[in-house]
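K.L.:
Guided by the hints, dock chain A onto chain Z, whose structure is given.
Each chain, letter by letter, is given below.
Protein chains: 2
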Amino acid sequence: MSPGAGKRGGIDLGGTKIQAGIVGPRGKVYGEARRQTPTEGGPADVAREMAAALRDAAEQAGVDPASLQGVGVGSPGDVDERTGEVSEARNLPGWEGTFPLAKALSEDLGMEVRVGNDVQVATEAEFRLGAGKPYRTIIGVFWGTGVGGGLVLDGRPWLGRGAAGEIGHIVVKRNGARCTCGRKGCMEAYAGRAAMENEARREHDGGEKTDLFKLMRKHGRDRLTSGVWERALEHGDKLTEKLMDRAVEALGTGVASACNVLDPEAVILGGGMGVRFGESYSEPLRKEMLKHLFADDRPPALHVAALGDLGGAIGASLLFDE
Amino acid sequence: MSPGAGKRGGIDLGGTKIQAGIVGPRGKVYGEARRQTPTEGGPADVAREMAAALRDAAEQAGVDPASLQGVGVGSPGDVDERTGEVSEARNLPGWEGTFPLAKALSEDLGMEVRVGNDVQVATEAEFRLGAGKPYRTIIGVFWGTGVGGGLVLDGRPWLGRGAAGEIGHIVVKRNGARCTCGRKGCMEAYAGRAAMENEARREHDGGEKTDLFKLMRKHGRDRLTSGVWERALEHGDKLTEKLMDRAVEALGTGVASACNVLDPEAVILGGGMGVRFGESYSEPLRKEMLKHLFADDRPPALHVAALGDLGGAIGASLLFDE
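Chains as they are written, first to last, in my numbering: chain Z, 1 to 322; chain A, 323 to 644.
These aren't lab readings, by the way, just hints derived from the structure by calculation.
Check each hint, because a few of them may be wrong.
Negatives, chain Z to chain A, calculated, CB over 10 Å [to be verified]: (1) Thr16; (2) Asp45; (3) Glu199; (4) Arg231; (5) Lys242; (6) Asp309.
Once the Cα atoms are required to be at most 25 Å apart in a straight line, the calculated BS3-like pairs of lysine-lysine come out as [to be verified]: (7) A:Lys540 x A:Lys564; (8) Z:Lys287 x A:Lys506; (9) A:Lys506 x Z:Lys242; (10) A:Lys339 x A:Lys540; (11) Z:Lys184 x A:Lys609; (12) Z:Lys184 x A:Lys564; (13) Z:Lys238 x Z:Lys218; (14) Z:Lys214 x Z:Lys17; (15) Z:Lys242 x Z:Lys291; (16) Z:Lys184 x A:Lys613; (17) A:Lys564 x A:Lys506; (18) Z:Lys103 x Z:Lys17; (19) Z:Lys242 x Z:Lys184; (20) A:Lys564 x A:Lys609; (21) A:Lys506 x Z:Lys291; (22) Z:Lys287 x Z:Lys242; (23) Z:Lys184 x A:Lys506; (24) A:Lys339 x A:Lys425; (25) Z:Lys218 x Z:Lys242; (26) A:Lys560 x A:Lys531; (27) A:Lys613 x A:Lys506.
Simulated DEER-style distance windows between Cβ atoms [to be verified]: (28) Z:Gln36 x A:Arg524: 54 to 60 Å; (29) A:Arg404 x Z:Pro299: 21 to 27 Å; (30) Z:Asp245 x A:Arg412: 29 to 35 Å; (31) Z:Pro93 x A:Arg404: 54 to 60 Å; (32) A:Arg404 x Z:Gly227: 47 to 53 Å.
Built from N, CA and C at the ideal position, the CB exists for glycine as well.
Same shape as in the complex, but just chain Z (with noise of 0.2 Å):
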């Protein structure tokens, strides 16, 4: 019996790195690799890197990659489950049209690949084995570069015509802030990470004082990332507190917009953001949604994913159940 037998792999492929594991029947996790996500070039680079991050991941765990029972990718975008072709990556470099993943990933590492979207396996991953576990009905929020959405109904993915689950882009200000999508007054344009480095930006060139983008620099990063956001809370800075503020009463609003269409049993915040902050702001977050909750006599559950950073990977393993 080879050493990868009933193993897969899993890869998470996020707009800043590619998250790689080695994934048993039961999420077990054998071995876990990292890449930067190519910020150049185009899709094919990116399927390449992603290759690359499965064997090192397989490598980690002592497993010959070509005794995997497949490898499963969670992808932004547009994603065709059937075909494995993904289209419109916009946070991907080159990727507006349309790339065949799967098939360029099963022809680099010689075996069947299949390509979920990503909020969506990541939300089963939890549904499944994660925080998600006592209940039917859930919604997980996904905050992190965006905020994305997935929802598991009775048991069941539900992906609606294949675009469900955009709670990032529920509207909690008519007329509000502009968002990335274009649109105004998404959740996403205040609670998004990139949303809020944008707002923190507009702030400090407006005088406003902030250690965000100092603290940025001496950690060696470009972006405020949600570690950065992390240490500028620790040091007690009043812009980060006033831009976390803003966004977990974008938050709060939001999902109880969405608790109050589907009425869920528990919601399960995950994301880089969500992951960071989810136990230290579960309260301002869960009374943000108190204030909107129609049934607020019994709120939803608010769990912090339980499988963190690797649930995106875990989940997309998870498409070789089925």
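P.N.:
The following block gives chain A in isolation, referenced to the frame of chain Z:
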């Protein structure tokens, strides 16, 4: 064979009126009657008036009420479908607590009575017999005194934990207008007929010119019914136009947010205001929705409820199909 064989009663219990119908298994209406909802007394008085409305409808249909297969009720408030109890129907007189509506009606009428949520049964009626027939997944939007919503997802009613579909309480503007529910910025706080009337009074009291209240009195009404709004529009009343535009903006924003969560095939617009203004305002509503729809290259279809005012009673009768 008795003339009532296969026929059911359906009663739609609203804050203003009780609509009863005698309905065949495929939704054909054999008789109908309408009574004013009592504004004084308590749940037992309301139940008595409901039974009377049903007897009126049976008489119109030439059917012996005792021969009906049963009577379904669509009720506001918190409905327990299993027991037929209704709690906290706050737009009905003295109904803050819990009342055994199915039991009271069943004793009065001498037959089985089932109770469902008013908006949900109306949504299912549109799904099975009305404008939603071509689709598997719809959102029903009932624009009346308030704004209610019902969901059918992949052919199945979605109730969540009992309070799903509260789309009137999707937030469209953080810290916005005060809603009748006590919260701030709900869609209903701009689009509900009651909220529109409050705003019209405020503006009128503040010196704004309008024919709304003159038309109300002229037609013997004590509130701004959808008919009064329609006549004021025909008069070119400026305040009316302004408040209608404001309502449609809020509706478009909130419904788009719900669509961003669920990605449905169609939105069905019903309710007193929805049925009256759905056609004439469909283009402005579509336009407002498009501003906020994430998947704006394939917006959901938008239809006016095909069963009109009778949808609620027909939907209630369908409780005997299950």
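K.L.:
Could you see if the CB distance from Gln36 of chain Z to Arg524 of chain A stays within 54 to 60 Å?
P.N.:
holds (57 Å)
K.L.:
Does the alpha-carbon distance linking Lys287 of chain Z and Lys242 of chain Z stay inside the 25 Å limit?
P.N.:
holds (17 Å)
K.L.:
In terms of Cβ atoms, is chain A entirely out of 10 Å range of Thr16 of chain Z?
P.N.:
holds (22 Å)
K.L.:
Under the criterion that the straight-line Cα-Cα distance not exceed 25 Å, is the pair Lys184 of chain Z, Lys506 of chain A satisfied?
P.N.:
holds (19 Å)
K.L.:
Compare the distance between the alpha carbons of Lys560 of chain A and Lys531 of chain A with 25 Å, and conclude whether the hinted pair is satisfied.
P.N.:
holds (8 Å)
K.L.:
Quickly compare the C-alpha distance for Lys540 of chain A and Lys564 of chain A to 25 Å and report which way the hint goes.
P.N.:
At roughly 22 Å apart (the allowed maximum being 25 Å), Lys564 of chain A and Lys540 of chain A satisfy the hint.
K.L.:
Hey, does Asp309 of chain Z actually stay past 10 Å from chain A on C-beta?
P.N.:
holds (26 Å)
K.L.:
Has the hinted range 47 to 53 Å been met by the Cβ atoms of Arg404 of chain A and Gly227 of chain Z?
P.N.:
Holds: the Cβ-Cβ distance is about 51 Å, inside 47 to 53 Å.
K.L.:
Tell me if the straight-line CA distance from Lys238 of chain Z to Lys218 of chain Z falls inside 25 Å.
P.N.:
holds (19 Å)
K.L.:
Does the alpha-carbon distance linking Lys242 of chain Z and Lys291 of chain Z stay inside the 25 Å limit?
P.N.:
With Cα atoms ~19 Å apart, Lys242 of chain Z and Lys291 of chain Z stay inside 25 Å; holds.
K.L.:
Run the distance test for Lys564 of chain A versus Lys609 of chain A: straight-line Cα separation, threshold 25 Å.
P.N.:
holds (17 Å)
K.L.:
If you draw a straight line from the CA of Lys506 of chain A to the CA of Lys242 of chain Z, is it 25 Å or shorter?
P.N.:
holds (22 Å)
The structure meets every hint from the earlier list without exception.
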